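Participant: Each chain, written out:
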Amino acid sequence: MITSEILKTRANFEEKLRKMIGRPILLIELDMFALPCGCAGITANTRGLEVDDLEVFEPQVLALVKEMAANLDVKPSVIFARLVPGSSIVASLNWRVLCSRCYPDFARGEGKTPRPDLYLLQFERRK
Amino acid sequence: MKLFVPSPGHINSLKELLKEKDKIYSIFMAGSPDYIGTGRSNLASPQLDEIAAQTEYAHKNGVKMELVLNSSCMGGRQLTPEGFRINHWYIEQLANMGVDSIVVADPYLVETMARDFEDITVVVSVLAFVDSPQKAEMFVNLGADSIVIDSNVNRHFDVLHAIRDSVDCELKLLVNEGCLYRCPFRYAHFNFFSHAFGPEPRPNVLDDYYYYKCLELRIESPEQIIKSPWIRPEDLKLYKDITDVYKIGGRTHFVEWILNCVNAYYGESYDGNLMDLLDCPKDLKDLFYIPNKSLDGILGKQWMNCKKVCGKCGYCKAFTKKVTQVYSRGGTEFEAHSPLDAFTVKA
Numbered sequence: 000m001i002t003s004e005i006l007k008t009r010a011n012f013e014e015k016l017r018k019m020i021g022r023p024i025l026l027i028e029l030d031m032f033a034l035p036c037g038c039a040g041i042t043a044n045t046r047g048l049e050v051d052d053l054e055v056f057e058p059q060v061l062a063l064v065k066e067m068a069a070n071l072d073v074k075p076s077v078i079f080a081r082l083v084p085g086s087s088i089v090a091s092l093n094w095r096v097l098c099s100r101c102y103p104d105f106a107r108g109e110g111k112t113p114r115p116d117l118y119l120l121q122f123e124r125r126k
Numbered sequence: 000m001k002l003f004v005p006s007p008g009h010i011n012s013l014k015e016l017l018k019e020k021d022k023i024y025s026i027f028m029a030g031s032p033d034y035i036g037t038g039r040s041n042l043a044s045p046q047l048d049e050i051a052a053q054t055e056y057a058h059k060n061g062v063k064m065e066l067v068l069n070s071s072c073m074g075g076r077q078l079t080p081e082g083f084r085i086n087h088w089y090i091e092q093l094a095n096m097g098v099d100s101i102v103v104a105d106p107y108l109v110e111t112m113a114r115d116f117e118d119i120t121v122v123v124s125v126l127a128f129v130d131s132p133q134k135a136e137m138f139v140n141l142g143a144d145s146i147v148i149d150s151n152v153n154r155h156f157d158v159l160h161a162i163r164d165s166v167d168c169e170l171k172l173l174v175n176e177g178c179l180y181r182c183p184f185r186y187a188h189f190n191f192f193s194h195a196f197g198p199e200p201r202p203n204v205l206d207d208y209y210y211y212k213c214l215e216l217r218i219e220s221p222e223q224i225i226k227s228p229w230i231r232p233e234d235l236k237l238y239k240d241i242t243d244v245y246k247i248g249g250r251t252h253f254v255e256w257i258l259n260c261v262n263a264y265y266g267e268s269y270d271g272n273l274m275d276l277l278d279c280p281k282d283l284k285d286l287f288y289i290p291n292k293s294l295d296g297i298l299g300k301q302w303m304n305c306k307k308v309c310g311k312c313g314y315c316k317a318f319t320k321k322v323t324q325v326y327s328r329g330g331t332e333f334e335a336h337s338p339l340d341a342f343t344v345k346a
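Top to bottom, those sequences are chains A and B.
Be aware that the first sequence starts at 0, since it is given in numbering that gives the first Met the number 0, and climbs by one per residue.
Be aware that the second sequence starts at 0, since it is given in numbering that gives the first Met the number 0, and climbs by one per residue.
Hints are computed from structural coordinates only; laboratory data are not their basis.
The model shown is predicted, which means the values in this text are computed figures rather than measured ones.
Where a beta carbon is used, it is the ideal one built from N, C-alpha and C, also for glycine.
Among the clues, some could well be false.
Cut-off 30 Å, straight-line C-alpha distance, at most; resulting in silico cross-link-like pairs (DSSO-like, lysine-lysine) [stated by the list, open to error]:
id, chain 1, residue 1, chain 2, residue 2
1, B, Lys212, A, Lys111
2, B, Lys14, B, Lys59
3, A, Lys15, B, Lys212
4, A, Lys15, B, Lys320
5, B, Lys284, A, Lys15
From chain A, some residues computed to sit far from chain B (all C-beta separations above 10 Å) [claimed, not checked]:
id, residue
6, Lys7
7, Leu63
8, Arg100
Pair by pair, the computed Cβ-Cβ distance ranges are [stated by the list, open to error]:
id, chain 1, residue 1, chain 2, residue 2, range
9, B, Gly310, A, Pro58, 28 to 38 Å
10, B, Lys321, A, Gly37, 29 to 39 Å
11, B, Gln301, A, Arg124, 55 to 65 Å
12, B, Tyr186, A, Lys111, 51 to 61 Å
Bound conformation, chain B alone:
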């Protein structure tokens, strides 16, 4: 198993993470937002000298370093002469300091890196939304060495097998993204992040509509959490004929949280709240308790052959009612779990 593990981006985090280096194949982190942003929020924005120091430290510990430059929108700047020059210069610096792989979402950057930087492994981001063999082939033809498959198809085994059969490159699965299945906010949200965590000018946003709405939808319909295409540690075995390369999301979390996920996925088992493992929406881990072990066997029994016609099926909704507990009186001596049925949840 190759585990790609997030780092919040500063050397102290890296040192703590690499105390479990035997379980980690590669660290990944964002770079400076001043060049190419990323499609997610960042805690740190390491400058080139800090990235160089962290890359050296990772390599000394036998762990690879991956930089994530997966902005889903660069506003066309990447196509301008100045944008090309800056991006090219930045990637060149990363290549020269020994960064092993770079994750990008923009097809132009895939081709540019593949043509001009032989030593860099070119990784197609999950934010390129590769969800079909056709798209995978196109990215491979552009020069991709590795593709993180769109997590929306994490439970579409026919599609996963078709992608596996169509390309020879490495395939990665993002295992713990808790985003809504077929989320209607996905493109808009990642484009927003790309600008908020990319080069100036950055939008000064008070409230992240997409995030709040995502939480609202799940509070109204908690089965949306169950329908999200995360992969439980216990279910990795069902993906072994597709890939053994897994990516854990969560670079805005504490190291302790990240290492809990590393141990769960490395050990292929977790006895606790499923919400502990999902990188988002992290706020709901204090609301819902879903015993991870209660999901044993369901991927094979139900979701591997699911037709995704929820209105006719209702399995996830019924299952959610059965296993989900809601925390009440949190933070007091009276904290308890109540069954979801204790609330009249909107249909």
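Next up, chain A with everything else stripped away, as it sits in the complex:
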């Protein structure tokens, strides 16, 4: 992945989010990561995005994040927002290819918020 690609992806994603939400959402940092457990993926740190926005625009946001993941060649097994618990704040959107160790952590819970700081947009259950 060359830096100009990731810069372009960040800008495009921010632009589309803004058009959808109607506010100048700031996508303050877009990171690709790899963890020692084997998980890998993308984190988009957001400012100005709120839980209400996710609830209202969930299908549209999900389509956008899938499009971005595809642009970066990431096939996520889980897509979630990280919240500041008990508030309206969405701190980040995350696309993660789960490793076999972390998969059960996500698979055990039910509903949209398996943890107070997580809001699941999509979770691919293994067969």
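Once you've looked at the hints, dock chain B against the given chain A.
Facilitator: Frame of chain A; chain B shown alone:
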């Protein structure tokens, strides 16, 4: 003009800053969080020998050194025998090495320093929230030599004049703090910082709710940026009968950023994005472009007599829409500014 200029806290920063020493009256920086913390985040935590070396270097260059120990909450530790002994010992070390002034927020430390350390200039922090002549008088009676006025009243000229008339001590204005006007998070946020950047135990916090919420509020209502009580370099002239001592906030910024502010305030002019000068919230400088020169004359014309009843007035909101641009496609060849009106901003 006396400019108090922030330093990130290590000698290399200081050396770079003092390349502009003719414009700087005093450097200020935090000390070690192991003794008395500060109400803001810190990049460095200089130990006593490093503070001594930096104080000596500043003095050799004709610049004063100020230490900021302005924790807004010490959890009552300062009132315990051990806390008193440690704080007293630490201040004594700073005094012995020639530090010129110490900034504190706790009234107890104001009185203690005034009684026991004659050579130190006792400065009341902006985090003591001195926003009235009565409070200023009380701090002077405790022994304050200098007061940084609560920036919330930076545009309340009646209050500023009343404070000036009530005390003889030095008054300082923090010119570039971009905090929300009458911020509801102010006390909680500074108390959080005081513990996070104070002695152990320090909270291990993943997300700073107050900061994120502050950004969220401004993205929803960008006029909050315009309402913040910063003072533009061009407007310092309107404060000359109150004080000529100004403090630039921003000790977590790069030296280049700090020197840009020094040059702007020393020269009393800045032709660029107002957001470049505000020490917080720094993340929004990549979101909003507000031409500083578009604010020429507004302090005198509008804000000096503002009644602060925003619901009835609406001036700042309308003005923000008129001048604020939003960066789009940042970091690419297509980066541009769009008018704020291009977005449907929540009321």
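Participant: Please test the hint of 29 to 39 Å on the beta carbon pair from B:Lys321 and A:Gly37.
Facilitator: 53 Å, violated
Participant: Is the hinted pair B:Lys284 and A:Lys15 satisfied, with a Cα-Cα distance of at most 30 Å?
Facilitator: 20 Å, holds
Participant: Over 10 Å from every CB of chain B: does A:Lys7 meet that, or does the non-interface label fail?
Facilitator: Violated, since 5 Å does not exceed 10 Å.
Participant: Check the hint pairing A:Lys15 with B:Lys212 against an upper bound of 30 Å on the C-alpha distance.
Facilitator: 22 Å, holds
Participant: Starting from the range 55 to 65 Å, see whether the pair B:Gln301 and A:Arg124 falls in it by beta-carbon distance.
Facilitator: Holds - the Cβ-Cβ distance for B:Gln301 and A:Arg124, about 59 Å, lies within 55 to 65 Å.
Participant: Can the suggested window of 51 to 61 Å be confirmed for the beta-carbon pair B:Tyr186 and A:Lys111?
Facilitator: 34 Å, violated
Participant: Taking 28 to 38 Å as the stated bounds, is the beta-carbon spacing between B:Gly310 and A:Pro58 within them?
Facilitator: 36 Å, holds
Participant: Is the Cβ of A:Leu63 farther than 10 Å from every Cβ of chain B?
Facilitator: The claim holds: A:Leu63 sits with its nearest Cβ about 16 Å from chain B, beyond 10 Å.
Participant: For A:Lys15 and B:Lys320, compute the direct alpha-carbon distance and say whether it is at most 30 Å.
Facilitator: OK: A:Lys15 and B:Lys320 at ~22 Å, within 30 Å.
Participant: With a cut-off of 30 Å on the C-alpha distance, tell me whether B:Lys212 and A:Lys111 pass.
Facilitator: 23 Å, holds
Participant: Would you say A:Arg100 is clear of chain B, with no C-beta pair closer than or equal to 10 Å?
Facilitator: 21 Å, holds
Participant: Regarding the pair B:Lys14 and B:Lys59, is the alpha-carbon distance no greater than 30 Å?
Facilitator: 11 Å, holds
Of the numbered hints stated above, those contradicted by the structure are hints 6, 10, 12, listed in ascending order.
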